[in-house]
Amino acid sequence: GQQLNQSPQSMFIQEGEDVSMNCTSSSIFNTWLWYKQDPGEGPVLLIALYKAGELTSNGRLTAQFGITRKDSFLNISASIPSDVGIYFCAGSYGQNFVFGPGTRLSVLP
Amino acid sequence: EPEVTQTPSHQVTQMGQEVILRCVPISNHLYFYWYRQILGQKVEFLVSFYNNEISEKSEIFDDQFSVERPDGSNFTLKIRSTKLEDSAMYFCASTIDRGRVYGYTFGSGTRLTVV
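Chain order of the listed sequences is A and W.
For the first sequence, the numbering used here begins at 1 and goes up steadily by one.
For the second sequence, the numbering used here begins at 1001 and goes up steadily by one.
In short, the hints are calculated from the structure, not lab data.
Treat the hints with care, since some could be wrong.
[As the list claims (entries may be wrong)] Calculated Cβ distances over 10 Å to all of chain A for the following chain W residues:
# : residue
1 : Gln-1006
2 : Val-1012
3 : Arg-1069
4 : Thr-1076
5 : Ser-1081
6 : Glu-1085
7 : Tyr-1102
[As the list claims (entries may be wrong)] Some residues of chain A that are not near chain W, with every Cβ distance over 12 Å (derived):
#  : residue
8  : Gln-14
9  : Asp-18
10 : Gln-37
11 : Pro-43
12 : Gly-53
13 : Thr-62
14 : Arg-69
15 : Phe-73
16 : Pro-101
17 : Arg-104
18 : Leu-108
[What the hints assert, rightly or not] Under 8 Å between C-beta atoms, here's a sample of chain A residues computed to sit facing chain W:
#  : residue
19 : Phe-12
20 : Glu-15
21 : Leu-33
22 : Gly-42
23 : Leu-45
24 : Ala-48
25 : Phe-88
26 : Asn-96
27 : Val-98
28 : Phe-99
29 : Gly-100
30 : Gly-102
Just so you know, even glycine gets a beta-carbon here, dropped at the ideal spot from N, CA and C.
Start from the sequences and build out the full structure, keeping to the hints where you can.
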């Protein structure tokens, strides 16, 4: 079946630093979603991408749909303590979404 | 902002018992899903539901699982005879367009603990 990999698995950064994480797949997708999950909560949609090469921003977050349609990245600029959480990518090719294993982000004051 | 509501937030049950997890999707959404997340692991697809029938299910969704939309607003997941390995967070999600443009809206989850 379709599998997604996310890297890094976890990262510790200082408040104010920029963050970059990515998601890769062995299959092509036509939609990528990025979610953030706080402890004990359900995932919350951050950004949706549905065209190869697309670059979309949501505040301090920027995500891109890779040209090969097999990858996507998420950048967070000027991180703040509330950015702490697990970031999941999810991909779909017209069917249901497959989730990556997540990148756990910790922000140190 | 419309929300997907799940109840209960936490359920503890004995192995072998039946449990029903409840969800109220967003009212104008058409596609409904159950996902689960074993502690510390990724979110896994269980089943999708559209037009009052299952449209896709994963290999996790075996004969012990069933879903229902009994009254046009609730969407339930039933586990007939729970096993220890069913302990997980169960998330309901809904979408208006299969997630292609607007993504899925997830509920906050039900933490199921099987003892």
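Hints and how they fare:
| no. | hint | verdict |
| --- | --- | --- |
| 1 | Gln-1006 | violated (8 Å) |
| 2 | Val-1012 | holds (16 Å) |
| 3 | Arg-1069 | holds (17 Å) |
| 4 | Thr-1076 | holds (17 Å) |
| 5 | Ser-1081 | holds (26 Å) |
| 6 | Glu-1085 | holds (19 Å) |
| 7 | Tyr-1102 | violated (7 Å) |
| 8 | Gln-14 | holds (25 Å) |
| 9 | Asp-18 | holds (24 Å) |
| 10 | Gln-37 | violated (8 Å) |
| 11 | Pro-43 | violated (5 Å) |
| 12 | Gly-53 | holds (17 Å) |
| 13 | Thr-62 | holds (17 Å) |
| 14 | Arg-69 | holds (14 Å) |
| 15 | Phe-73 | holds (17 Å) |
| 16 | Pro-101 | violated (4 Å) |
| 17 | Arg-104 | violated (10 Å) |
| 18 | Leu-108 | holds (21 Å) |
| 19 | Phe-12 | violated (18 Å) |
| 20 | Glu-15 | violated (25 Å) |
| 21 | Leu-33 | holds (5 Å) |
| 22 | Gly-42 | holds (4 Å) |
| 23 | Leu-45 | holds (4 Å) |
| 24 | Ala-48 | holds (5 Å) |
| 25 | Phe-88 | holds (6 Å) |
| 26 | Asn-96 | holds (5 Å) |
| 27 | Val-98 | holds (7 Å) |
| 28 | Phe-99 | holds (4 Å) |
| 29 | Gly-100 | holds (6 Å) |
| 30 | Gly-102 | holds (6 Å) |
Checked against the numbered hints given earlier, this structure breaks hints 1, 7, 10, 11, 16, 17, 19, 20; the rest are met.
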